[in-house]
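Engineer: Sequence:
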Amino acid sequence: MSRITTYAIKEISSSFLLLIILLSSILWLGQGLRHIELLTSDNISFASYMSYILLLLPKIFLLTIPICIFLSVLININRLRNDSELIILWASGKSEFESLFKPVFLFALIVYILTTFLSLYITPLSLNEIRYKIIDIRSTGIHSSILKEKKFISPVDTLTIFLQDRDGNIINDLLIHDVKNSNSPQTYIAEYGEFIDENGRKILRLYNGNIQIFEMKENKISEIEFETYDLDLKPYSKQESAHIYSDELFTKQIFSNLKGKKINEFNKYEKEQFAELHTRIVNPLYIFCFALMPVIMLKFSKKPGDSLLLPVVIVSIIAFIFQIIQITASNILIDNSNLVLIAYILPIIFLAVIIIMIFLDKIEIRQQKNA
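Going by the working numbering, the residue at position 357 of the sequence shown is 351; the numbering climbs one at a time, nothing skipped.
These aren't lab readings, by the way, just hints derived from the structure by calculation.
This list has only true hints and no planted wrong ones.
Each computed DSBU-like pair below joins lysine-lysine, with the alpha-carbon atoms no more than 35 Å apart:
1. K262 with K127
2. K127 with K256
3. K196 with K127
4. K214 with K145
5. K246 with K265
6. K127 with K253
7. K144 with K196
8. K196 with K145
9. K4 with K96
10. K127 with K144
Whenever a hint applies, use it, and build me the whole structure from the sequences.
Structural biologist: Laid out in structure tokens, this is it:
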């Protein structure tokens, strides 16, 4: 690999890393705030919340990589052009292929390999882990971290808890109102209590108190005193759907689920899996299109004095159209599995057109020489 190629790859990669860190961080922060209710209403610790939102990163990277590689190549082409580095390279006898196309293509190839690995393995793994974390979070019942001193807290609609003060996992002067059974609501009053995890079962153990039960049919209150009482928190857990969506399935699982089945025999869920599988394979191919598209600008503006505004606007619009087509093709596959071949042909055609446009003047010169 020549010094020119190494230099160009280094410049593009540094811009790419900076852009992906900035853009992914912004999106990740937005997603973190969007899921903040897990911390406030689903009673999980801050560490569990952080592990949850960290698992969102692979999916975010898949969204930001095409944009970042497009912008990084665009920025560096503009810089090389404005600093007259490209003109110096061309004047010294370096071809456009060696000075620009080759490093951009090689960098796109590296990013393509990483994106494919991310799409086929890492992202499904993270989404699958997120699904089971949500099921686990919503099924673990009430967590002590949500309880606040001298405040009425309703972690679920059927339960209200008040406590005077707390010391770690020990809570003092408790009042609990339970309307799980609407015909006989119960009120628990205890001197103190503690949260206990016993064989995977979460309970609130109450000490030195009484239970007041209001029988609505008989319109009377009965009272039961206790020294210790275990309040099972499982009935107050939220029921979370255990359904695994197609994007949360491992690639190997999808292959196994679809093995031996014909396309026209797929049910709705299998169609979604089929579309998801091929989307994971096809979408990384667009990396080459987004990386090489900015090179087309030099056909319209090679010298530092030439205006770059119009070429930038044109390639940006084309990139946006490619992104729309990519998303549309993925969605169409869900309802029309027979169009899977078109999903693969589209990025190949786009890439071929881009390469032809880049080397169009070279092709015309050769044709003139041959003539």
